[in-house]
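**Student:** Chain by chain, the residues run as shown.
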Amino acid sequence: MIAVAERVFALLALVAIVIAVATALALARRRVPDWLRDDVALPLATAIAAVATGGSLLASEVAGYVPCVLCWYQRIAMYPLVIVLGVASARRDSEVWRTALPLSGIGAGIAAWHIAIERWPSLGSEVCDPVAPCALRWVEEFGFLTLPTMALIGFVAIAVLSLAARRSPIHTGREPNPTDTAGSLTDPTSTV
Amino acid sequence: MSNAATMRRDAKRRAQRRSQLLYAGIAVGVVILAVLVAVLSTGERDRAVSVDDIAGEPAISGDPLSTLPASGDDPTVGSSAPTVEGADFDGTPVAIGGSGSPELVMFMASWCPACQEELPEVVAWMEAGGVPDGVQLASVATGLDASRPNWPPDAWFEEEGYTGRVLVDDADGSVAQAFGLSATPFWVALDADGQVVARIAGMLDTTQMTALAEAAVASSG
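Chains as they are written, first to last, in the working numbering: chain D, 61 to 252; chain Y, 106 to 326.
Pulled out of the complex, with its shape left as it was, chain Y reads as follows (with noise of 0.2 Å):
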């Protein structure tokens, strides 16, 4: 091989590595300016309100309702369910059970997206009339959860103009657990003995909602 062929190769490859160097400082230049632009773009999330300012202190009494299974028929239809005694975000006393009449509760997470679709469902669901006489509404504000978004809960049920019963779960989600929620959102109907009438894990329209609180009304004989 040639001399002049020899430096025509090792120009060209100087010139390669001087456009690599260019073309990566040019990479770390872009990586520069978006960390920059993040810190100074970036302001402090509102975690002022902790799960523990939120979480409430419910006493549980009776035996846990197994998890609801994936599919087919749900065991627990016909047996006592927990009866719970807790508070809503202000602190005024809600029950669950006990209370002598049918009862429908809704478990809802407030970072969950299909419970901030049904939520609304609910409250136009009640206003328009759809909750049958005799039958107790609450809902259960479960999955507390600071770091995940739509916190805190109270907020959310106010935005969406929830005005209906709360429960406000513990942290561990103890309430959650002794219904046996395998996801949010989660249902269960409850005749007037406390005894389940059926748990459904899913978004309800509301001609669902209407049909399974008359099934809590109709098994309460």
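So that you can see chain D by itself, here it is in the shape it has in the complex (with noise of 0.2 Å):
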């Protein structure tokens, strides 16, 4: 069952791969579609955000795994995005990546140096601690898919559908709307 749960994970992680390559290109483009920023882009946001914040606690409590102390800091990160995203998402908050993006920039930093431990034990303290090892790699799906690389994929794929949410002319290509003047709070049928 627990084989099952970490590919499930992973496929999920996969998904957020494709939806945060297409949102960067999108970002990049600036014509990011009025859909995604309007009604998907925080809401999935959110959604990732939940998926693994669900996705570590079942590894800890359900499987078993003792989180490590780098683990824990990119909790930190990614469990109060839950709530950052989901009040966001349900205001439409489009300012709300100026507190996601800190938040999961660390977050994609502290997962990315895991990351590299996970692979070179020799960069890091060069030594397994008995009971939660940070180079020790839990799950590794598709031969790449470790769990700080799910949660390194998790965090840049909030913080690219984070900033594509945010109602800029810069990264539409369009004249602010009026309303979105007074302040992060939007509304909603303006742009629709």
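Careful: at least some of the hints might be erroneous.
According to the in silico footprint, chain Y covers these stretches of chain D (three or more CB under 8 Å from chain Y) [what the hints assert, rightly or not]:
id, segment
1, 71-77
2, 98-107
3, 174-184
These are calculated hints, taken from the structure and not from any lab test. Only a predicted model underlies this, so the values are computations on that prediction, with no experimental measurement involved. Yeah, the Cβ is synthetic: ideal placement off N, Cα and C, and Gly gets one too.
Assembly of the complex is requested from the two constituent chains, each provided in isolation within its own frame, with the hints serving as guidance.
**Tutor:** This is the structure in structure tokens:
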């Protein structure tokens, strides 16, 4: 059962890679579709944060994989994103990137370092803590998807989606909607 | 507000709800598809070998050493190390301490990536004749955990081409505890009288292995 759950999360991570790349390309081309910006980006980012949180809890509480110190730092970055993005999604707060980006950026940095230690233990302390070693790959799906790798994908996807959700002429190529100037709360029907 | 404006607003809301339902449906569909693919593509893991199948029943004599401190001097240097009588994976007797020769003991956990990087170094060192004459080298397979990767450890030692002696720890890691293991890989150098010359937690290169072994010889006088 645990093996099936690990495979499910790995498959969802692959989906998240596609979402992140497609969204990043749209941002780079400054052509974020209205449907993505207004209706999809924040709920999807919330879902990714929720799935990542659920996956980490499943790994530690059900599978019994003891989280190492770097896992805990990534949890500190990921768990609040469920609330932050969830509330922003409900309120259609296009400015949530100001909170989500630092959290996901810090989390992504820690996850990247964790991946490096997994691949090259000599980069770290060169030892394995008997209880919770950070270099230990509890999960390795498709030859590369370890737990911090999935976390990194989640953080990156959340970062680009929260950027895609913002209403900015820089990324949409449009003039800002007058209704946006009052603050982060926007009229959901104004651009539909 | 005119009726026409209200109708337009209601129409927009209905369209928005339809869109949200569509997106939610797509998300649920993706998750269901992922579950189906996972169920169909996941095979049974080879956990046929349990810890009890692998674990030894080593007999430990003497006072245990305190855990190696993370920094500073090792207070156990010069004190007598415990002696252990156990067996390898095949049941062949293996002893640590009490041999009358300097000994180099390395504690390895098969799941530990640092150990996985270290063991090939050890094999290369042994094959190059790096172990000084008169020094007995032994590995202790410890940290036995069937839920962790690279299980079982006997297959790992064999795959890496390690031909030296291996003493298998028990399921509780009693030998590791007796030698004050703080992390793996863990090295202990003993002189001919069974006294601790040095303990090191971490990876060693072949030069450091030779230096540690020579220190054990030098301390044996």
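**Student:** All the hints need checking, so say for each whether the structure fits it.
**Tutor:** Going through the hints against the structure:
Here's how the segment 71-77 of chain D fares: 3 of its residues keep a CB closer than 8 Å to some CB of chain Y, so the rule of at least three is met and the hint holds. For the segment 98-107 of chain D, the proposed coverage by chain Y is satisfied: 5 residues have a C-beta within less than 8 Å of a C-beta in that chain, meeting the threshold of three. For the segment 174-184 of chain D, the stated coverage by chain Y is satisfied: 3 residues place a CB nearer than 8 Å to a CB of that chain, which reaches the threshold of 3.
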